[in-house]
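Construct all of the structure, not just a fragment, from the sequences and the given hints.
There are 2 protein chains.
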Amino acid sequence: MKQEKNIPYKIYLEESEMPKAWYNLRADMKKKPAPLLNPETLEPMTAEELGAVFCEELVKQELDTETAYFPIPQEIQDFYKMYRPSPLVRAYCLEEKLQTPAKIYYKFEGNNTSGSHKLNSAIAQAYYAKNQGLKGVTTETGAGQWGTALSMACAYLGLDCKVYMVKVSYEQKPFRREVMRTYGAEVTPSPSETTAIGRKILEEHPGTTGSLGCAISEAVEAATSKEGYRYVLGSVLNQVMLHQSIIGLETKAALDKYGITPDVIIGCAGGGSNLGGLIAPFMGEQLRGEKNYQFIAVEPASCPSLTRGKYAYDFCDTGKVTPLAKMYTLGSGFIPSANHAGGLRYHGMSSTLSELYDQGLLEARSVEQTAVFEAAKMFAQVEGILPAPESSHAIRVAIDEAMKCKETGEEKTIVFGLTGTGYFDMVAYEKFNNGEMTDYIPTDEDLAQGFAGIPKFEGNEID
Amino acid sequence: MKQEKNIPYKIYLEESEMPKAWYNLRADMKKKPAPLLNPETLEPMTAEELGAVFCEELVKQELDTETAYFPIPQEIQDFYKMYRPSPLVRAYCLEEKLQTPAKIYYKFEGNNTSGSHKLNSAIAQAYYAKNQGLKGVTTETGAGQWGTALSMACAYLGLDCKVYMVKVSYEQKPFRREVMRTYGAEVTPSPSETTAIGRKILEEHPGTTGSLGCAISEAVEAATSKEGYRYVLGSVLNQVMLHQSIIGLETKAALDKYGITPDVIIGCAGGGSNLGGLIAPFMGEQLRGEKNYQFIAVEPASCPSLTRGKYAYDFCDTGKVTPLAKMYTLGSGFIPSANHAGGLRYHGMSSTLSELYDQGLLEARSVEQTAVFEAAKMFAQVEGILPAPESSHAIRVAIDEAMKCKETGEEKTIVFGLTGTGYFDMVAYEKFNNGEMTDYIPTDEDLAQGFAGIPKFEGNEID
Chain A
1 MKQEKNIPYK
11 IYLEESEMPK
21 AWYNLRADMK
31 KKPAPLLNPE
41 TLEPMTAEEL
51 GAVFCEELVK
61 QELDTETAYF
71 PIPQEIQDFY
81 KMYRPSPLVR
91 AYCLEEKLQT
101 PAKIYYKFEG
111 NNTSGSHKLN
121 SAIAQAYYAK
131 NQGLKGVTTE
141 TGAGQWGTAL
151 SMACAYLGLD
161 CKVYMVKVSY
171 EQKPFRREVM
181 RTYGAEVTPS
191 PSETTAIGRK
201 ILEEHPGTTG
211 SLGCAISEAV
221 EAATSKEGYR
231 YVLGSVLNQV
241 MLHQSIIGLE
251 TKAALDKYGI
261 TPDVIIGCAG
271 GGSNLGGLIA
281 PFMGEQLRGE
291 KNYQFIAVEP
301 ASCPSLTRGK
311 YAYDFCDTGK
321 VTPLAKMYTL
331 GSGFIPSANH
341 AGGLRYHGMS
351 STLSELYDQG
361 LLEARSVEQT
371 AVFEAAKMFA
381 QVEGILPAPE
391 SSHAIRVAID
401 EAMKCKETGE
411 EKTIVFGLTG
421 TGYFDMVAYE
431 KFNNGEMTDY
441 IPTDEDLAQG
451 FAGIPKFEGN
461 EID
Chain B
464 MKQEKNIPYK
474 IYLEESEMPK
484 AWYNLRADMK
494 KKPAPLLNPE
504 TLEPMTAEEL
514 GAVFCEELVK
524 QELDTETAYF
534 PIPQEIQDFY
544 KMYRPSPLVR
554 AYCLEEKLQT
564 PAKIYYKFEG
574 NNTSGSHKLN
584 SAIAQAYYAK
594 NQGLKGVTTE
604 TGAGQWGTAL
614 SMACAYLGLD
624 CKVYMVKVSY
634 EQKPFRREVM
644 RTYGAEVTPS
654 PSETTAIGRK
664 ILEEHPGTTG
674 SLGCAISEAV
684 EAATSKEGYR
694 YVLGSVLNQV
704 MLHQSIIGLE
714 TKAALDKYGI
724 TPDVIIGCAG
734 GGSNLGGLIA
744 PFMGEQLRGE
754 KNYQFIAVEP
764 ASCPSLTRGK
774 YAYDFCDTGK
784 VTPLAKMYTL
794 GSGFIPSANH
804 AGGLRYHGMS
814 STLSELYDQG
824 LLEARSVEQT
834 AVFEAAKMFA
844 QVEGILPAPE
854 SSHAIRVAID
864 EAMKCKETGE
874 EKTIVFGLTG
884 TGYFDMVAYE
894 KFNNGEMTDY
904 IPTDEDLAQG
914 FAGIPKFEGN
924 EID
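Chains as they are written, first to last, in the working numbering: chain A, 1 to 463; chain B, 464 to 926.
Calculated from the structure, these hints are not laboratory results.
Bear in mind that the values here come from a model prediction, so they are computed numbers and not experimental data.
Ideal Cβ placement from N, Cα and C applies to all residues, glycine included.
Please note that a few of the clues may not be correct.
Mimicking DSBU-like on lysine-lysine, the simulated pairs with C-alpha atoms at most 30 angstroms apart in a straight line are [claimed, not checked]: (1) LYS544(B) / LYS97(A); (2) LYS257(A) / LYS720(B); (3) LYS867(B) / LYS81(A); (4) LYS130(A) / LYS560(B); (5) LYS483(B) / LYS2(A).
Sample of chain B residues facing chain A (criterion: CB under 8 angstroms; computed from the structure) [said to hold, decoys possible]: (6) ASN575; (7) LYS840; (8) ALA843; (9) VAL845; (10) GLU893.
Okay, the calculated beta carbon distance ranges per label pair [as the list claims (entries may be wrong)]: (11) GLY898(B) / THR208(A): 26 to 32 angstroms; (12) GLU506(B) / GLU436(A): 50 to 56 angstroms; (13) ALA452(A) / GLN466(B): 53 to 59 angstroms; (14) THR307(A) / ALA659(B): 55 to 61 angstroms; (15) ALA21(A) / GLN466(B): 15 to 21 angstroms; (16) GLY596(B) / VAL168(A): 49 to 55 angstroms; (17) PRO73(A) / GLU529(B): 53 to 59 angstroms; (18) GLY596(B) / GLU75(A): 52 to 58 angstroms; (19) VAL427(A) / GLY898(B): 25 to 31 angstroms.
In structure tokens form, the structure reads like this:
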């Protein structure tokens, strides 16, 4: 194995080198992301309106587009020390396998029990809830990574945690459910009899297996109808991007420590929290005119928000109970094909990333799932880590870029985000291993149906 | 959170500080562990006899009781760099939760896809097989950690890997099976039609769900009946203890770096590979008269090899196809109650650990499983890591020892081995979460049945 002199397999920061503040990328954006709108008045959401659903401190973070750095409270820093810094890994074995002159690094966020980067924001959101004197928080979860992360954070802080888990996942992923229960969370299959909206949906669709949109509606209702509770969300929001900047800050500190400057930075994108966090400090340099990088967002071809979506105001959920966000969207009614294996099935995209994409500062690629699992399996075999299907989207494009370097002879430095592990995704791997996995690309007609649900008002025309 | 000045949450060695040689504890033992015997001749097994089943280099390691250090081949060192050094974690949060003056550290071996320490020996055994020009290796697996580890090592080296998985696990743990297949292993439910012994067992017991003993027999037959294959084993053997010394060597290097001397060192014990590896360099100091530590082996009350077993020559497998090993044993026919959740269900114990225990250098405790899961759940909630049931035996006793310190006011330094994660053990956690887990302690009559199967010959009297 060729190992570059002085570049270890894994770069770990010392505790003293860990970031002490989160970075708010919006502070360096000249054109800011559009504000959230109240769907009834079409006016920007006020702090008061948001405060009914979210914790006060998080509302401040959500609305602040000027403050560049938010100090990380000591208790959150302490929690981070339990599973962070995460390693920045030099993919020596992958490089050798590909016989590429490219130098590949990945920031691995899967070494914690939630199995992903979600914990970075979960602990922050739980902390502010606790600090506000709340009893607990509610949320929804689909695949279960976010729910697990929030359960862990709440267990640590002694906070009550109610998770509405999409019924089909609740039944098909009993292990995820059980991890959450082990961390003391109350996990309810959604739709449920515990909320008015749940009862209504069950009456109208008795056999339904649930959806993320419905679970959001139930979680919001549970938070707002009970004293001492607030709702928390694992992606899309600006506050989440802020907390996830820890990924990029650590990555940059590790690279700087060894005098490495990346050429290409790649991340998978569902709601955008991981990608936004990874690229934040690098994009900041670019916006301030200090450096120049190539940024690539990777999304599934079956749910192509950036590559085929519309840039418009839309609801954040299927049930249309949330504020309107300006973003690249497939329409809040869009549901990816059932054959879609991984996460990244969100119809929209973080407003900040959407704005960067619109300004041409961020590229986007869409990839098909069999190609993603091919990359995942190759990666697992040579690098040892079994990646989550979501994360494997980034692996796919990192390999593609490295193979381009092989053709051109360029020694590019490629950095990608490996957001998590696939231990709870073995049903999808089994399908792939058995040659039973298929691809799906929505037709223009499929997309048109989703676009038709985007709210129509002056200034929100989509064509 | 009180954090001791200069002691980080996680101590990581630098790459340059990683061990370059394994340590062979037997070299420092004045009274050596008894040799393996050929069950037919009752003479010590020769290298030639062992070479028919195991790789040459591993046979050398197995039989060598004099060489203190075996250099780790560079290719294995490279592989280790992908997931090692493993962190030595200061359990600040657990200490706070317990309000104990004890200082607790754990060596966490679960941050790799096999989910345990098994990978340390899997890569070594696969490497020597490859080096000998073999095509592949065969093995058995129960819970699946060893099979996964071996699959990973073989994928990395491009070696064929055939795993006989106990049928009931194959069916109940499809995810484990699928991880192995993702790493390219051929996984066969045992008993199977692919071997003579498998066909015989199926004919005699058509409905059998298999056993580890039967899977061993099939794996050995598959290795010895096919050109270019050898059999490999994940625990019990001296060679495995040798490879696992990497755990203790890293632990000691990390403690030395911060000037910490442990008082108590605790590990769970099934076949003994983890415990033997963890304590090796510390026990070496003790044997050489340089230091004095308290060593505690923890085993399940339902499978109490050390605390209630006999020290005698016995077969290593249920099928009685292996050589005889002198060890603390419950009899090779002993099978722990079906209600037993975790691993650590082996009837015997490594010869080296057995000899140390017999000499009074090692203590043993047995713990009941509900007490183990209580400890596991508390640990998960405060330390974030969801532990494997096996590892949680060590957590239980570490907590017990820390609580004793609380009573006495002693500031003991406790180190324990956290061998792995419990992501694939959620069925057991579910049982515990639902209050449906029960305990089982074998009666003296139960044990007598097992003891009756211990071979009788001169010098092997058990009472």
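Against the structure, test the hints numbered earlier, and report the numbers of the ones violated in rising order.
Per hint list: zero violations.
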